[in-house]
Amino acid sequence: MIELDFALTRGEFSLQLALRSEARALALFGDSGCGKTSTLHAIAGLLKPARGRIALDGRVLFDSDKRVDVPVARRKLGVVFQDVRLFPHLSVRDNLRYGAPHSGDASRFDDAVQLLGLGALLKRKPDRLSGGQARRVAIGRALLCAPAALLLDEPLSNLHREARAEVLEHLRGLKRELALTTILVSHQADEVLSIADAVAVLDDGRLRKVQPVTQFGGEQHSAIRATLEAR
Amino acid sequence: MDGIFVAGRRALKQNDDNRFGSCFRIYRPMILSQDETIALLLSLQVAAVATVCALPPATACAWLLARRRFLGKPLLETALLLPLILPPVVTGYVLLEVFGHRGAIGRVLDALHISIAFRWTGAALAAGVMAFPLLVVALRTAFESVDRKLEQAAATLGANAWRIFFGIALPLSLRGLVAGVALAFARAFGEFGATITFVSSIPGETRTLPIALYELLETPGGESGALRLTWIAVIVALISTLAAALLLRGPRAREVEP
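One line per chain: the protein sequences are A and B, in this order.
Under my numbering, the first residue of the first sequence carries the number 1, and numbering increases by one thereafter.
Under my numbering, the first residue of the second sequence carries the number 1, and numbering increases by one thereafter.
Fair warning: there could be bad hints in the mix.
Pairs of lysine-lysine residues, derived as BS3-like cross-links and limited to a Cα-Cα distance of at most 27 Å, are as follows [unchecked claim]:
hint, chain 1, residue 1, chain 2, residue 2
1, A, Lys48, A, Lys66
2, B, Lys149, A, Lys125
3, A, Lys123, B, Lys149
4, A, Lys48, B, Lys149
In short, the hints are calculated from the structure, not lab data.
Keep in mind it's a predicted model, so treat the numbers as computed, not measured.
Just chain A, same shape as in the assembly (with noise of 0.2 Å):
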């Protein structure tokens, strides 16, 4: 259960949102500077919202009225940026434990390196990683952090044909693998339908519309994104 119900200005920008969805993942969609990546942060704790409520599976993050503002830290959150944001000083090893350092869960660590096929990277530093095993490797250490809630801002952006096919068969593999409630931000729209079960749709700071993705099926993908775009 999504619930976001908020509004928040940065500079010229507002953006006013109020949407509940049962949706175990959720597309935020639109064109850049809509806001999805600002309603993204703003579940994240990154970006403060002037008033509203934020709550997933009904753990309350924010919520004006009653003062609560869970830091960012206590959020439990797996964020992955759309700028990656490895550390770039640390092993990918050291990337993916950093969210859970003294976690002694070994069998978990390896499960998510499986999953995501990292196994032959873990001694890399990021500078040495290609656009979609970056990708992969920030996937994974927003998993390990062991979140209740998966954000993911852009996961197939700047990357070429093998790498987002590369990426979008993980995040695929960790959709069955794992029942997390996942909020994703594209303007893609292969990307949306391949993940999400719904898809919120945003424009200039608004909400257009919420609609499940099963409604596309059997539908020609340029046909979905017309759907999808239609205002």
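Using the hints provided, position chain B relative to the given structure of chain A.
Below, chain B without anything else, positioned relative to chain A:
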């Protein structure tokens, strides 16, 4: 002031008298006398203690200046740079007034039976105060160059402020830290004005290498000793800069390996 001119004239005269000898003197085996060795070891000890003790407060100040906005920040910035701007003698005199036996802090220390005036610890304090701004400036620049987005990412992974600082910000500022430490050590090693004003020149206690060198220049026949100490000062400065350069080169060299 007179002393320097007298010494300078004497050195020039010596040079004239001894046109071939001066060349020879440079290559003479550099065996330090006992006094010179003591001065060298004392200087190394004072500079090391000064740098190590100045590092934590300098790091805190640099972090404050790099990351926080607060009332009176420009004032603090200027105050922290003062030892760099003021004549060292002034700094030494202020230290004497504050930490001397009659000074505000000095009296408290006396009551606790801790004396730093005219002790080597006082020399370390003077050197530390003089080196402090160099550490602050180097560390502040380093902290400011760390990508704040990485710290945000660390926070989303559950890291608290201490873990973000020691695990992300500090390691990513390592180059600035090493450069600052090298600079501060060299500055502390060469400290003269504030030290001689604050703790005077007591052999084996506060007579550091620069002070010993100055006094040798003041003493008839002290030139050969002065020359040896000059060489030592140059070597120490070179070693500390080289060590810093090598430390900074390390990580880069490793990155190239497969």
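For each hint, the structure was consulted:
Annotation: proposed proximity of Lys48(A) to Lys66(A) holds, straight-line Cα distance about 15 Å (limit 27 Å). For the proposed pair Lys149(B) and Lys125(A), the alpha carbon gap of about 18 Å is at most 27 Å, so the pair holds. For the suggested pair Lys123(A) and Lys149(B), the alpha carbons sit about 23 Å apart, so the restraint of at most 27 Å is met. Of the pairs offered as hints, the one joining Lys48(A) and Lys149(B) holds, with about 16 Å between alpha carbons and a cut-off of 27 Å not exceeded.
Of the numbered hints stated above, none is contradicted by the structure.
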